[in-house]
Amino acid sequence: MSQDIAGTAVAGQVAMVFDLNKCMGCQTCSIACKVLWTREEGEEHQWWMTVNTQPGQGTPKDWEDMGGGRKKDGSPVTGHQPTRAEFGGGWEFNYDEVFYGGKGRSVHLKPTDKGDGTTRWGMNWDEDQGAGEYPNAYYFYLPRLCNHCTHPVCASACPTGAMYKRPQDGAVLRDEDLCQGSRFCMEACPYKKIYFNEARNVAQHCIMCFPRLEEGVAPACARQCPGRLTFVGMLSDPEGPIHKLVNEWEVALPLHPEYGTTPNVFYVPPLAPYRLNEDMSIDYETPRIPPEYLESLFGPKVHSALATMQGELDRVRAGGTSEILDTLIVYNWLDLFGPFTTDPATLDRTPDKVAVSLTAKRTEPAGG
Amino acid sequence: MQVPEIVDDALDPADKAWAAVPSEKVPLVPVPIEEQPNEYIRTAWRTRPYGRVGDVDVAAVQRGERLLVRLEWDDSDEPNTEFLDGAGVFFPDAGDSGAPLTIGSHSAPVRLWAWRDRTPMQEALPAARELVASGPGAFRAAGLDAGDGENEGARPDAVSALSGGRWAVVIAGDLARAAAAGRMGVVVWDGSNDERAGIGAVSPNWVPLTVK
Chain B
1 MSQDIAGTAV
11 AGQVAMVFDL
21 NKCMGCQTCS
31 IACKVLWTRE
41 EGEEHQWWMT
51 VNTQPGQGTP
61 KDWEDMGGGR
71 KKDGSPVTGH
81 QPTRAEFGGG
91 WEFNYDEVFY
101 GGKGRSVHLK
111 PTDKGDGTTR
121 WGMNWDEDQG
131 AGEYPNAYYF
141 YLPRLCNHCT
151 HPVCASACPT
161 GAMYKRPQDG
171 AVLRDEDLCQ
181 GSRFCMEACP
191 YKKIYFNEAR
201 NVAQHCIMCF
211 PRLEEGVAPA
221 CARQCPGRLT
231 FVGMLSDPEG
241 PIHKLVNEWE
251 VALPLHPEYG
261 TTPNVFYVPP
271 LAPYRLNEDM
281 SIDYETPRIP
291 PEYLESLFGP
301 KVHSALATMQ
311 GELDRVRAGG
321 TSEILDTLIV
331 YNWLDLFGPF
341 TTDPATLDRT
351 PDKVAVSLTA
361 KRTEPAGG
Chain H
1 MQVPEIVDDA
11 LDPADKAWAA
21 VPSEKVPLVP
31 VPIEEQPNEY
41 IRTAWRTRPY
51 GRVGDVDVAA
61 VQRGERLLVR
71 LEWDDSDEPN
81 TEFLDGAGVF
91 FPDAGDSGAP
101 LTIGSHSAPV
111 RLWAWRDRTP
121 MQEALPAARE
131 LVASGPGAFR
141 AAGLDAGDGE
151 NEGARPDAVS
161 ALSGGRWAVV
171 IAGDLARAAA
181 AGRMGVVVWD
191 GSNDERAGIG
201 AVSPNWVPLT
211 VK
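Taken in order, these protein sequences are the chains called B and H. As numbered in this note's numbering, the first sequence has no gaps in its residue numbers, which increase by one up to the final residue, 368. As numbered in this note's numbering, the second sequence has no gaps in its residue numbers, which increase by one up to the final residue, 212.
Mixed in with the good hints, there may be bad ones.
Claimed, not checked - Which chain H residues stay away from chain B? Per the calculated CB distances, all over 10 Å, these: (1) ASP8; (2) TRP18; (3) ARG63; (4) ASP96; (5) LEU131; (6) ASP157; (7) ARG166; (8) ALA176; (9) ALA180; (10) GLY182; (11) ASN193.
To be verified - Chain H is nowhere near these chain B residues, computed Cβ spacing over 12 Å in every case: (12) LYS34; (13) SER75; (14) LYS103; (15) SER106; (16) LYS110; (17) GLN129; (18) GLU133; (19) GLU214; (20) PRO300; (21) SER304.
Said to hold, decoys possible - Here are the computed distance ranges between Cβ atoms for each label pair: (22) H:ASN80 <-> B:CYS26: 37 to 47 Å; (23) H:GLU34 <-> B:LEU109: 50 to 60 Å; (24) H:THR119 <-> B:PHE99: 26 to 36 Å; (25) B:GLN168 <-> H:PRO32: 51 to 61 Å; (26) B:GLY115 <-> H:PRO126: 20 to 30 Å; (27) B:LYS110 <-> H:GLY98: 56 to 66 Å; (28) B:GLY130 <-> H:PRO126: 42 to 52 Å; (29) H:GLU34 <-> B:TYR95: 45 to 55 Å; (30) H:ASN80 <-> B:LEU109: 29 to 39 Å.
Just so you know, the hints here were simulated from the structure itself, not pulled from any lab data. Beta carbons: idealized from backbone N, C-alpha and C, even for Gly.
Please take these sequences and the hints and turn them into a complete structure.
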């Protein structure tokens, strides 16, 4: 019997671009998502949107060593299912002891250690550690969410057909009525952006804020970003900034393209100050962030992307103009959101309307 | 297997009524790797042993409109923090002649009464559920599809106990379904070995049921 779940043909592909030169690690995107989607029991440790400092071990801890993904011939790469301890977080604190137990002056507020390792790691545990030595230390921030891949190995690994690629926009969703909590998706996903909801025995992940998309509203992480660095739109829209940044100018790249799943979240890689020599003079030949490190994240195309960006910078500094830099500066905030510019405050949010918009029920047959 | 009638409920596997009910040792084998539902699962488990529970003691009684099946098996492994032990019994539609090895198929799905151990956070979840099984791991909750006949009053229930390195579980469900099938299959998942979905141990042959 063979019932492999193939990637679904989609009418269009919703995509995102993060300009890492502008991300300041403020976690507003993470909080916007957390507040909107993962506040219930079983979701305490879930951060569908995370921002981690690079280089770093990330979320879950050492996720890049956990396998998953797809070989060049399309066959699956087996992976490790991240544990609760590797995700960490979702802590309970000793509020009663500190606030009501008469120990406010002797006991510090701290996570309650249940012996399961969850207090020894967390969503942004290694913030700002980075790498390198003074005066050439370096780091940058990497926002991550589900990549809504063109080849979603998570869906291919699901035995029940609960996971699917939505035909109208390519968002990778899960019909929770069909999910049996077997978590093969968590193993198969090379980006380790799928979580297990223990209370409900289902897996969960970023849903690209599909109820918002259906109303023309950008995902919460993008709309709340104060740095104007998160683009949302349809990848195939030739006039949209995402198509231009990814396909035309080739300055936005997928994370770990070697994982083989063809992500639809892209990153403008970070330029960095030059290194300083021992006498504190500037070494104009050596970027502070090692190019080989960036290549390990974004693949070999990162070098040409950085060269293009540097060339644009040099031209503007010489008095010229740059459509690429103008696009990335984002003079008009709504230019970030492609067709999703509706103000959510203007929507009908009556309960019946909300209930209808929140279904991810799979409509086409599972396995098709 | 004879299915005697009992008067009082015996959902508790420690109930004294079970002492008088003959049990049958049913051998189990791994669900075949070739039958697993997708390439990922086949690749991940092709060289990894699974279906580690080799046999299970099975007894069954009927009480009113309920069939109660008692399963008991050895499990001395340390519990796994990610996956929990589970077991189930399943019933083909009357007349279907397929083997139980695959836990149903698309052309001949079976009804699976599935019990799984629960964590403290999962206490609100039902102890057992009725699933429509169309192959190894291709399970979906009964009642999702129009006309698939979920009967609110016949929903399965289960009580379990782990003692001295042995699980004892009683799963109860709709007697009429079992009587119509006239036989059942058995599946056990060893959670300490990450077994779930189609990765488990299954009875290679149907267990005949003689229901009065």
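Hints versus structure:
1. The Cβ of ASP8 of chain H sits about 32 Å from the closest Cβ of chain B, beyond the 10 Å cut-off, so the non-interface label holds.
2. The non-interface label for TRP18 of chain H is consistent with chain B: the shortest C-beta to C-beta separation is roughly 29 Å, beyond 10 Å.
3. Against chain B, the non-interface label of ARG63 of chain H holds: every CB pair exceeds 10 Å, the least being about 29 Å.
4. Once the 10 Å rule is applied to beta carbons, ASP96 of chain H is consistent with being away from chain B; the minimum gap is 16 Å.
5. The Cβ of LEU131 of chain H sits about 8 Å from the closest Cβ of chain B, inside the 10 Å cut-off, so the non-interface label is violated.
6. The Cβ of ASP157 of chain H lies farther than 10 Å from every Cβ of chain B, with a closest approach of about 17 Å, so its non-interface assignment holds.
7. For ARG166 of chain H, the requirement that its beta carbon stay farther than 10 Å from each beta carbon of chain B is met, with the minimum near 25 Å.
8. Consistency note on ALA176 of chain H: stated as away from chain B, and its beta-carbon is indeed over 10 Å from all of that chain's, at 26 Å minimum.
9. The non-interface label for ALA180 of chain H is consistent with chain B: the shortest C-beta to C-beta separation is roughly 25 Å, beyond 10 Å.
10. At the 10 Å boundary, the C-beta of GLY182 of chain H stays outside the reach of chain B, the nearest C-beta of that chain being 25 Å off.
11. For ASN193 of chain H, the requirement that its beta carbon stay farther than 10 Å from each beta carbon of chain B is met, with the minimum near 13 Å.
12. Against the 12 Å criterion, LYS34 of chain B stays outside the reach of chain H, whose nearest CB is about 19 Å from its own CB.
13. Against chain H, the non-interface label of SER75 of chain B is violated: not every CB pair exceeds 12 Å, the least being about 7 Å.
14. Residue placement check: LYS103 of chain B keeps its beta carbon more than 12 Å from all beta carbons of chain H (closest about 27 Å).
15. Chain H leaves SER106 of chain B outside its interface by the beta-carbon criterion, the shortest separation being 30 Å against a cut-off of 12 Å.
16. Under the 12 Å C-beta cut-off, the non-interface status given to LYS110 of chain B relative to chain H holds; the minimum distance is some 22 Å.
17. Look at GLN129 of chain B: its CB is around 28 Å from the nearest CB on chain H, clear of 12 Å, so calling it non-interface holds up.
18. With a minimum CB-CB distance of about 39 Å to chain H, GLU133 of chain B clears the 12 Å threshold, and the non-interface call stands.
19. No beta-carbon of chain H is positioned within 12 Å of the beta-carbon of GLU214 of chain B; the least distance is around 23 Å.
20. Every CB of chain H is more than 12 Å from the CB of PRO300 of chain B (nearest about 28 Å), matching its label as outside the interface.
21. With a least CB separation of 34 Å from chain H, SER304 of chain B remains clear of the 12 Å interface cut-off, as annotated.
22. The hinted window of 37 to 47 Å between ASN80 of chain H and CYS26 of chain B holds, with their beta carbons roughly 38 Å apart.
23. At roughly 55 Å, the beta carbons of GLU34 of chain H and LEU109 of chain B sit within the given window of 50 to 60 Å.
24. Between THR119 of chain H and PHE99 of chain B the CB atoms are about 28 Å apart, so this pair conforms to the stated range of 26 to 36 Å.
25. Distance hint check: the CB atoms of GLN168 of chain B and PRO32 of chain H are about 38 Å apart, inconsistent with the given range 51 to 61 Å.
26. Between GLY115 of chain B and PRO126 of chain H the C-beta distance comes to about 28 Å, which sits within the given range of 20 to 30 Å.
27. Between LYS110 of chain B and GLY98 of chain H the C-beta distance comes to about 57 Å, which sits within the given range of 56 to 66 Å.
28. Take GLY130 of chain B and PRO126 of chain H: their Cβ atoms lie about 48 Å apart, and the range 42 to 52 Å holds.
29. Take GLU34 of chain H and TYR95 of chain B: their Cβ atoms lie about 54 Å apart, and the range 45 to 55 Å holds.
30. At roughly 32 Å, the beta carbons of ASN80 of chain H and LEU109 of chain B sit within the given window of 29 to 39 Å.
The structure does not agree with the numbered hints 5, 13, 25 stated previously, though it agrees with the rest.
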